Every structure is written in C-alpha cells, then in structure tokens.
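Here the protein sequences come in this chain order: A and D. Using the working numbering, the letters of the first sequence map in sequence onto residues 14 to 244. Using the working numbering, the letters of the second sequence map in sequence onto residues 61 to 330.
Think of the hints as simulated: they come from the structure by calculation, not from any bench. Fair warning: this is a prediction, and the values are worked out from it, not measured in the lab. Built from N, CA and C at the ideal position, the CB exists for glycine as well.
Here are the simulated DMTMM-like cross-link-like pairs (lysine to aspartate or glutamate), alpha carbons at most 25 angstroms apart as the crow flies:
| id | chain 1 | residue 1 | chain 2 | residue 2 |
| --- | --- | --- | --- | --- |
| 1 | D | K291 | D | E112 |
| 2 | D | K256 | D | E217 |
| 3 | D | K270 | D | D319 |
| 4 | D | K256 | D | D319 |
| 5 | D | K256 | D | D151 |
| 6 | D | K324 | D | E224 |
| 7 | D | K256 | D | E224 |
| 8 | D | K256 | A | E119 |
| 9 | A | K39 | A | D85 |
| 10 | D | K106 | D | D116 |
| 11 | D | K327 | A | E161 |
| 12 | D | K324 | A | E119 |
| 13 | D | K327 | A | D148 |
| 14 | D | K270 | D | E217 |
| 15 | D | K327 | A | E119 |
A partial selection of chain A residues facing chain D, derived with a Cβ cut-off under 10 angstroms:
| id | residue |
| --- | --- |
| 16 | G70 |
| 17 | D92 |
| 18 | R98 |
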Amino acid sequence: MTEPILTLSDATLSLDGNAGRIEILKGITLEVSRGETVGLVGPSGSGKSSLLMLMGGLERATSGRVEALGHDLTALGEDALARFRREHMGVVFQSFHLIPTMTALENVATPLELAGRADAFERAEAELRAVGLGDRMHHYPAQLSGGEQQRVALARAAAPEPDILLADEPTGNLDGTTGAAIVDLLFGLNARHGSTLILVTHAPELAERCGRVIRLTDGRIADGDVAKAAE
Amino acid sequence: MLTRRQQYEARVRRRAMLVAGGSTLAVLLAIVVLVPFAPGWPAVKKSFFNAEVFADTFPGLLNAFLLDVAIFAWSAPMIFALGLVVALMRDVRAPAAYPVRLFAIVYTDIFRGVPVILVIYLVGFGIPGLGLPRPWNSPYVWGTVALVLTYAAYVAEVFRTGIEGIHASQRSAAASLGLTEADTMRFVILPQAIRKVVPANMNLFIALQKDVALLSFIGPVEIFRQAGVYKSLMANFTPYVGAALIFLAITVPATRFADYLLAKQMKARS
Numbered sequence: 014m015t016e017p018i019l020t021l022s023d024a025t026l027s028l029d030g031n032a033g034r035i036e037i038l039k040g041i042t043l044e045v046s047r048g049e050t051v052g053l054v055g056p057s058g059s060g061k062s063s064l065l066m067l068m069g070g071l072e073r074a075t076s077g078r079v080e081a082l083g084h085d086l087t088a089l090g091e092d093a094l095a096r097f098r099r100e101h102m103g104v105v106f107q108s109f110h111l112i113p114t115m116t117a118l119e120n121v122a123t124p125l126e127l128a129g130r131a132d133a134f135e136r137a138e139a140e141l142r143a144v145g146l147g148d149r150m151h152h153y154p155a156q157l158s159g160g161e162q163q164r165v166a167l168a169r170a171a172a173p174e175p176d177i178l179l180a181d182e183p184t185g186n187l188d189g190t191t192g193a194a195i196v197d198l199l200f201g202l203n204a205r206h207g208s209t210l211i212l213v214t215h216a217p218e219l220a221e222r223c224g225r226v227i228r229l230t231d232g233r234i235a236d237g238d239v240a241k242a243a244e
Numbered sequence: 061m062l063t064r065r066q067q068y069e070a071r072v073r074r075r076a077m078l079v080a081g082g083s084t085l086a087v088l089l090a091i092v093v094l095v096p097f098a099p100g101w102p103a104v105k106k107s108f109f110n111a112e113v114f115a116d117t118f119p120g121l122l123n124a125f126l127l128d129v130a131i132f133a134w135s136a137p138m139i140f141a142l143g144l145v146v147a148l149m150r151d152v153r154a155p156a157a158y159p160v161r162l163f164a165i166v167y168t169d170i171f172r173g174v175p176v177i178l179v180i181y182l183v184g185f186g187i188p189g190l191g192l193p194r195p196w197n198s199p200y201v202w203g204t205v206a207l208v209l210t211y212a213a214y215v216a217e218v219f220r221t222g223i224e225g226i227h228a229s230q231r232s233a234a235a236s237l238g239l240t241e242a243d244t245m246r247f248v249i250l251p252q253a254i255r256k257v258v259p260a261n262m263n264l265f266i267a268l269q270k271d272v273a274l275l276s277f278i279g280p281v282e283i284f285r286q287a288g289v290y291k292s293l294m295a296n297f298t299p300y301v302g303a304a305l306i307f308l309a310i311t312v313p314a315t316r317f318a319d320y321l322l323a324k325q326m327k328a329r330s
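Isolated chain A (complex conformation) (with noise of 0.2 angstroms):
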C-alpha cells in the first residue's frame, strides 16, 4: 500500500451565486495515492470541475478538510496556497488558459521563472521539445492550433515536475485524433515523473485509461469511492 497523496474528507463547496446558496459539493471523502490515475466523470453539472479545483487549492472547502502532501489546504493563507501550487500542482484547463501577450516559451518559462529557477528558459526548451513544439516556441498562442495550445498548455503545467496533475476535460476543446495525442502525452508524463494524474472527462476511451473511476452525481460520489488502494 502507497501512502496518500491526496485525503478529502467530508469536504463540501458552496458558493453564493444570485440565486442563493448553491450546495455543489456535498461531502466528499475520498484518497488518492502517489503515482495514481483518476478519472472523475459524471453528468455536467455533477461537481467534477469543482472537485478537481478543490484538490488543485484553487477553491476553498466550504467545510470539511483537504489534505495534500501533509499539507491542509484548507488552513493555508493566499501566498502560502499560491507556493504550494507552485511547487506541488500542476493544471491542464479544457481551453487551455494560455496568456496571451506571451510566446510558448514565455509561456513555459514564466512560473519557473517566478519560482525562482536559473534554468527556466532551459526547462521550458525541453518540456516544449518533449511535446513536439520544439520549431513553435516563438510563436503566441493565436499562432497556434489549439492542439498546439494545449500541448504549450501541458509543457507548462509539467515543466515544474509537479506531484500531482490535474486536468479538466483537457481534451475537450480537440478533435478524436489531437485529443489521444494529448492524452497519450499526460499519461507518459505519470509514468515518466510519476506524478498522480487526475483528470475530469466526458470521453468513455479517457476515462477507461485510468487506473480508478469515480463517477459523481449531484455533488455526491456515486460509485469508485472505494480506493482500489485496498489492492
């Protein structure tokens, strides 16, 4: 048995939208181990996003508590949340998020930059070669194909070695054969780093590559919450 990476317990999210309190998750428990795969999937709406933000500190537990590499989410403060994302966290969005007024490189290299490494423009080479961009670095991402953004996107989110990396519908936004090539690539970077790789997806193919499957409805684990840790 692998020791936990990742520890929901009874973690809820509510938000306050204009038509009143909105209950999107409603107790979630759940453990996911190093070098795991997860599949989150459910019907839209179900709270799969949130979850995965929840366990990326990019939301805040309304209640309960998330746990992730020793550390309570839920108690840090603004910077220290941001470190640890930095450090910890890798995230592949389903419109890939790419900025803008940057190059791939730039891109890459940014947050390795602000997390203080001399070597970024280095890494950020390499991660872009690894995913097949090596001619595209200079170019912005209205340059690029969104195949191509979401390649910049993952280069970027890999490129710091995260312990864990999540994904929302990371291939939503590309066509069938674009789509595998991006999940052939997140699926080598878990085997590669070993990083736990969490992904929320509508594709029947993506979900069956995970080691576990958890389905959501209504803001609530419908099945897979039993950890195949148990093995």
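Got chain A; can you put chain D on it based on the hints?
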C-alpha cells in the same frame, strides 16, 4: 499576376475611391463658392484669414506652442503612473484594505465630476494663495498638478475597464501556476489590460494636449495666450486660426498613429 477575383475587387475599389473623391471635391467646391456670398464674408476674411497677420504671427505662435508640448510631456508620464496606481487601488480585494479602494472611488468620482477649468482655477489660484515661497507658488507647478489630478482620474477608469475586461480564466490559469495575486496582476493581467486600452488612452492624451491651453488662464504664456496677445496687438483674430492649425498639425497625425498602432496590433495577434 492577379486572379480574376482580385481584378474584380481592384475594380470595385477604384470605383469606390473615385466616387468618394468626387463627392468630397463637390462639397469643398460648394463651400468655397458659396461662403463668399454671405453678407459678412469680407469682414470675416479680413479679421480671421488675413495672410499678412498670419505670416507675422505664426513663428511666435509656434514658439509659444513649445511650452504646450513641454507641459504635456512632463504631465503625461505622471498621469499614466497616477492613473495606474488609482486603478490598482480600486482592484484591491482584501476587506481590510477597503479604505484604499474607497479612496480610489472617491478620487475618480470627484475629479471626473468637476470641469478641468474649475480644477485649474481652484488649484492654480488657491494653493499659491497659501503664500508659498518660490518655486512652490509657480502656476506651472500647480497647473500641472491640476491637469495630472484630473486626467489621472479618467486614465484610471480606462485602466480599470481594461483590467476588468481580462477574462476570469486568465486569473485562474495564473493561480494554477502558483502565481500570487501580485504576480498575476503584474505578469498576466496588466500587460494584456494596458495593451487593450491603448487607443482609449491615446484619445485621452490627445485631449490633454488640447487642454494644456487652459493653463493660460492662470498665467503661463502658451500658444492660446500668445494668440490672445497678438489679437489685442493687431486687432485681428487670424492668430487664433494659426493656433488652431498648429494644434491640428499635432493631434491629427497622433490620432492616425493611434489607429495605425491598433490595426497593427490586431493583425499581429489574429
């Protein structure tokens, strides 16, 4: 070698240009021909479009205009900086820092709500009235302060729309990379926001160049005041026309340049 489509498009373009040129010429001709029929034209011609007076006063006006340009040149960077600071103050989210935010709101409300000329009078006459020693009683100093205070409020609002116009996804992406809020603002939000509002800011700075002439009311002999001096001296209004032409010579190319920059930027990023 042009394709048939390109040949057709070129033909359509030529035709459109001919029509546009023709109608412009017709309007100009009508003005030139018809205006002299107005009963007061000879008098207006003599007192507003007097070639001799124009030639005599133009060099002096040009010289006085250098002061306008100088006041503009030292005010603009201060306006840019103060406007940015006020916009950032308004974006402060921590509840404890609410007074900072409140100050920014009150500041922009006041200085956008009062006519520039009133601010110039109140600051330009009021503060030196405190009996400050030289150089702190100079109308240049307090005129500049008045312009900076007023224009920074407008520029701050322009920056704020720019900052708020950056999609929330950029903030979450930056957060996912572990950027702090300050880093996010500096490296992600501001570079995009400032670029987006360049045309809006250019418009404000062109307006500023014109409003520098208002400082003449508190003392500095810049172009508008110089034109007034010539008018009294020669009992002729032509110097005002000369001053207007000098302003146009600066503001029209500046406007065109702003448009060009915008077009270029849009092309580079599409």
